[in-house]
Amino acid sequence: MDCRSTQVLFYLNDAVTQLLDHKEEYTQFGLVRYFAEYFSSVKNSNHVLFRELSYIRATQHNRASFIRVFWRCFRQIGKSGDLLSVPEYRSLLQLLCPDFPLEAVQSASRIVLADDASDGLMSFSDFIYSFQLQFCYQEFLDSIQVIYQDLLAGKSPNTVIVPTSSSVEQLVSVATEESDREEQQQDVVDSSTLAECVDALCERFKHSYPSRTCLREVLEQTDKVSYYGFLQSLANHESINQTIGALPSKEELLIDPEMDQELDKLIAQISVSPGSNSSGSAIGGLKEVQRRASPRRNIHHRRKMEVESDGSTEETDSSEN
Amino acid sequence: MADKEKRRSAALPSGMSSGKVVKSDSDREFLEQAGVGDLLRGAILKMVEARSDDPIGFLADHFCNLASVTDSGTAGCGDEDQQQQQQSTGLAGAGAHEQQRLNRALWHLRLAHHSQRSAFSNNVCVAYDLLNLNGCLSQASENPEGPDGSLLVVPPDAKGSGGVKGGLYMQTLECLCSEGGVPASTSAPLLRRLCCQDHEAVPYDVFRHGVLTCAVFSDYIRQAQRLYAEVCCPDEGPASRALCSAVLGTLKEALETSQDCDANCFVNANTKSSACLEANAKAIRYLEASAKISPHKLAQAMAGAQTSGPGGNMDAKEFENAAADLFIARVKVVS
Numbered sequence: 274m275d276c277r278s279t280q281v282l283f284y285l286n287d288a289v290t291q292l293l294d295h296k297e298e299y300t301q302f303g304l305v306r307y308f309a310e311y312f313s314s315v316k317n318s319n320h321v322l323f324r325e326l327s328y329i330r331a332t333q334h335n336r337a338s339f340i341r342v343f344w345r346c347f348r349q350i351g352k353s354g355d356l357l358s359v360p361e362y363r364s365l366l367q368l369l370c371p372d373f374p375l376e377a378v379q380s381a382s383r384i385v386l387a388d389d390a391s392d393g394l395m396s397f398s399d400f401i402y403s404f405q406l407q408f409c410y411q412e413f414l415d416s417i418q419v420i421y422q423d424l425l426a427g428k429s430p431n432t433v434i435v436p437t438s439s440s441v442e443q444l445v446s447v448a449t450e451e452s453d454r455e456e457q458q459q460d461v462v463d464s465s466t467l468a469e470c471v472d473a474l475c476e477r478f479k480h481s482y483p484s485r486t487c488l489r490e491v492l493e494q495t496d497k498v499s500y501y502g503f504l505q506s507l508a509n510h511e512s513i514n515q516t517i518g519a520l521p522s523k524e525e526l527l528i529d530p531e532m533d534q535e536l537d538k539l540i541a542q543i544s545v546s547p548g549s550n551s552s553g554s555a556i557g558g559l560k561e562v563q564r565r566a567s568p569r570r571n572i573h574h575r576r577k578m579e580v581e582s583d584g585s586t587e588e589t590d591s592s593e594n
Numbered sequence: 033m034a035d036k037e038k039r040r041s042a043a044l045p046s047g048m049s050s051g052k053v054v055k056s057d058s059d060r061e062f063l064e065q066a067g068v069g070d071l072l073r074g075a076i077l078k079m080v081e082a083r084s085d086d087p088i089g090f091l092a093d094h095f096c097n098l099a100s101v102t103d104s105g106t107a108g109c110g111d112e113d114q115q116q117q118q119q120s121t122g123l124a125g126a127g128a129h130e131q132q133r134l135n136r137a138l139w140h141l142r143l144a145h146h147s148q149r150s151a152f153s154n155n156v157c158v159a160y161d162l163l164n165l166n167g168c169l170s171q172a173s174e175n176p177e178g179p180d181g182s183l184l185v186v187p188p189d190a191k192g193s194g195g196v197k198g199g200l201y202m203q204t205l206e207c208l209c210s211e212g213g214v215p216a217s218t219s220a221p222l223l224r225r226l227c228c229q230d231h232e233a234v235p236y237d238v239f240r241h242g243v244l245t246c247a248v249f250s251d252y253i254r255q256a257q258r259l260y261a262e263v264c265c266p267d268e269g270p271a272s273r274a275l276c277s278a279v280l281g282t283l284k285e286a287l288e289t290s291q292d293c294d295a296n297c298f299v300n301a302n303t304k305s306s307a308c309l310e311a312n313a314k315a316i317r318y319l320e321a322s323a324k325i326s327p328h329k330l331a332q333a334m335a336g337a338q339t340s341g342p343g344g345n346m347d348a349k350e351f352e353n354a355a356a357d358l359f360i361a362r363v364k365v366v367s
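Chains A and B are the protein sequences, given in the same order.
The opening position of the first sequence corresponds to residue 274 in my numbering, with each subsequent residue numbered one higher.
The opening position of the second sequence corresponds to residue 33 in my numbering, with each subsequent residue numbered one higher.
Chain B on its own, in the form it takes in the complex (with noise of 0.2 Å):
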């Protein structure tokens, strides 16, 4: 009882209010001792850097990841972090530890929606930095010198130049699109089109560009998906394809409009080549882009639609299909 008591009384100042709790002497040393200052400080900063929507939550995966990266048994946390762990002490160890730190990169790239430009672009190099094989991050690296392919699964040639591995990017990014709730077969010819080979090493602006458009594709289809619930009245079917393709016509239309700023900030993202009248003249695309998608104008389009055209049904996935196609039309192929 007494103890309750100690407890209840130390734990009331730290409410909301008052941010301090007043400490011993004792206390201190003994938080000195055991480095707690630095531990949060360092896990303050993370979150700051990252930004991410739920602070909670990534405190507690920060504090995950950093316990199974230190502890030799179990983490005794969330539930990734154990299978983490019992994966990489089985025999295919440098496998797991590839499949840990692809699902590290992918925790980051989580962290921070696209839209807010910084903290995403941070998250971005962090994630490639995890998965940039420069040979020194692998806690596994028992013989570098080994012969090819026995652990590190770098090739020879791509060693010096440092770059994420292509069969790596490509996982990345299809984790991005399945997670984003993208059926496979919708993000299939996405892929295509920014596809690396395996051997191949990804350098960064290239991982940036994949790993944004899968975003803002994600985004896409589900707007997409969200837009033909709004045109299909699930009691009465499938909606009419003379709606859907006048509703598809008009995102097109916009999508061309903002179709040359695009190519320009891929290209350009990485130089410091956008002047401010180039800046200009791209805000001045995307508002008539977004013009061409306005309710009032949808709502013409699908009016002109019902007195003509095409007969006939579309259902959810074709219109999906359509949609994705109008966006991937408008991606640059990964040369």
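Looking at chain A on its own, in the form it has when it is part of the complex (with noise of 0.2 Å):
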């Protein structure tokens, strides 16, 4: 209950703060009604879209909302199969959440590419999966990164302490030991040991982490894990998934009958060229989430252009990137 009294202390928080910022609009409106929809977008995952990273990032709930609501505008690339790179995800990311950061694309690209390049290209699928990970528990996920960058450097488990992320370089300068040699070369730590020192984490962790027993589930499938290893295997795990809450399995991603109607019927209406369907499905994306859209959302959007969602404008929107 503390948890969530916090939380709703946040969103009335939230609530009356965007109020001050726009005073007629809302007064108009009607304050009661203005609070009536404020919650019930909070509810109903809908709160999040065009707002600023701080906001997305404040709470779990509105994490797991801005992953569905990335979800319900692209999926359609999903089903038209393009590989894209990371600047284009963080374009697109960049539409919902106008100041959102390279870093946190990059974070994910490394879980779904293992490796350091940024320049690969991923599957819409591979990359949300990711994604959620990433943006839902990155907290922890840093606190692992130490825990295991730690291992590797032969540091004794039971000294290990949970720093934060800056100061993972003190750590790694600690000395290293001559055992494990072998283990360092591949990049690679005992599974056992990272399941203990990973569940003596979690005790005393302060933000969200994924179930210990799905955590401890992946850790027991092999003798050795390498970090991106690790991270693969719960992005792509379904209990985790389904915890978060934001994302079907893997098999219904890419399912949307409403909108591939609309998509057929916007086709039959204009003429196509090889060029127009992907920019055609991000905006068709975007149309159907503005259909519902409430007059705090058409505020935000207005500031890009002048007048109430329709097709011209959203056109315009995605020429600007």
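One or more of the hints may lead you astray.
Said to hold, decoys possible - Residues on chain B that point at chain A, a partial pick, calculated with CB under 10 Å: (1) A92; (2) D93; (3) L223.
To be verified - Computed list of lysine to aspartate or glutamate pairs in EDC-like fashion (alpha-carbon distance at most 16 Å, straight line): (4) A:K316 to B:E285; (5) B:K324 to B:E288; (6) A:K296 to B:E64; (7) B:K329 to B:E285.
Unchecked claim - Partner residues aside, some chain B positions facing chain A, computed with beta carbon under 10 Å: (8) F62; (9) A66; (10) V68; (11) A99; (12) T102; (13) S153.
Simulated from the structure, these hints should not be mistaken for lab results.
Since this is a predicted model, take the numbers as computed values, not measurements.
Positions of the beta carbon are idealized from the N, C-alpha and C atoms, including for glycine.
Please assemble the complex out of the two chains, which come individually in their own frames, going by the hints.
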């Protein structure tokens, strides 16, 4: 209840802040209806669209809602089978959240591609599950990385501290031991040792983390595990996905009969060239979301363009990228 | 762009770590004038009272309800409210208002689980008040002096005493059961035991007893369904009759052990006569009863059944009905 009441206070705070920022608009709309709208949209996970990053990251519910919105808007891209790069995914994310940072997208891509190269191409399905893990459990993953580096460096698991990611450099510079040389070269650690450390981390960790059962399950599957291998297994773990509750299972990820119908209609109406299909899906995705527009969302949208949502303004939006 | 900057800087301090947003004087004035403080205070008080499992959902519903009450036009939020609004602007004004009150009462009853006794009791109170026809709550009370049955459906004899109309009470119970996942056929015998006539005025303790019984019954049936799922392997068809009988037998034993305390519990719910001694005796009986239904006991019963007992199979529905019978047999008939 404690965590939930903090969340409630956060949303109340934000509701009042938003109200103050748009006094005239919302007073006309009516105060009671404004709060009704606000909390309904929070309840229905429609509240994060076009909001700033700090708001989206502030609660677990917001993060999950953002993943869900991203999925609903852009799953058509998945259907078309396009492979996109990190900057391209970032652009899509920026359509939904103007100040979305590149690093988060890069971190997600590293889970998919299991190396540092940020110029690889990823499928929508691969990207979104890794992105979900990264975005929802960022603090946890950062701590895991520190632990992992510790273990690689040969430090005894009993002395693992859990600092913030800024002190990673300090730990890595600790003198390494001669043992486990082979493991270091392959960049893997002993799974059971890692499992112990992860368990210890969960005991005192203040942010969200995936269920301990799932974590243990993943680590029991192999004797040795690499950092990105571990993360990949977590990203693709169905229980973890269901707990977050934002995305369907992999098989159902690209199913979207309503949008299929809409697109068929659109395609029938406009003249089709090979390039316009994928941009059409992005537009269509946004259109679907904006059909459920409220005065609140329109205000954010209006800051980019003058008029209330219709087809012409959306085309302007995507061409601004 | 400048606007976005301003929005971002205003929103940043309202992160979870800091609770306060620095507001200017004009902002404070605006909030005061608009009555935001009172509005939010009222909402938070209600939320704390109800102790819902889902505070955000509660607030959403609360404000939507409020909006539909104060607005003359469409509320524009939850679907429920839109339906209610459309209903109440129709011709059957009184019937629609009653439906609206029923919906709101049910919403209150859903907020807290019956195991959270004080929160649940609170909510039952609120629901009772909502449904209680004293003639003062109805918004559409155009002509209370009018001919009987025209707008207010309370017959003359029930007006003075106050109480929930029997028909409304039964509707509440039916909705509670069906929302709890109990099929109508299973809950029918229970409802017959709790039945009140349409014209009767239902006093508070009867109302509370009925609501609590239905809430517990819904949970019980769900557990029975789960129990059957454990006993039965879906691939192999319906479960063996012997096994099911054994399980049901164990359940019956457990219920019988607790029977005395159940009866006392409901009867004495609203009197202050539960002495400390009686409370202890109740606790002991509950412990005994739960011991009877422990996994160990169940396993014993099931192992015994596999070697002897009736042949044939029992399907899910039959099991559910049998379990329901065990429960219903213990429910006091309302006279």
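How the hints compare with the structure:
no.: 1; hint: A92; verdict: 4 Å, holds
no.: 2; hint: D93; verdict: 8 Å, holds
no.: 3; hint: L223; verdict: 32 Å, violated
no.: 4; hint: A:K316 to B:E285; verdict: 44 Å, violated
no.: 5; hint: B:K324 to B:E288; verdict: 10 Å, holds
no.: 6; hint: A:K296 to B:E64; verdict: 13 Å, holds
no.: 7; hint: B:K329 to B:E285; verdict: 11 Å, holds
no.: 8; hint: F62; verdict: 6 Å, holds
no.: 9; hint: A66; verdict: 6 Å, holds
no.: 10; hint: V68; verdict: 7 Å, holds
no.: 11; hint: A99; verdict: 5 Å, holds
no.: 12; hint: T102; verdict: 6 Å, holds
no.: 13; hint: S153; verdict: 18 Å, violated
Violated hints, listed in ascending order, are 3, 4 and 13; each of the other numbered hints is respected by the structure.
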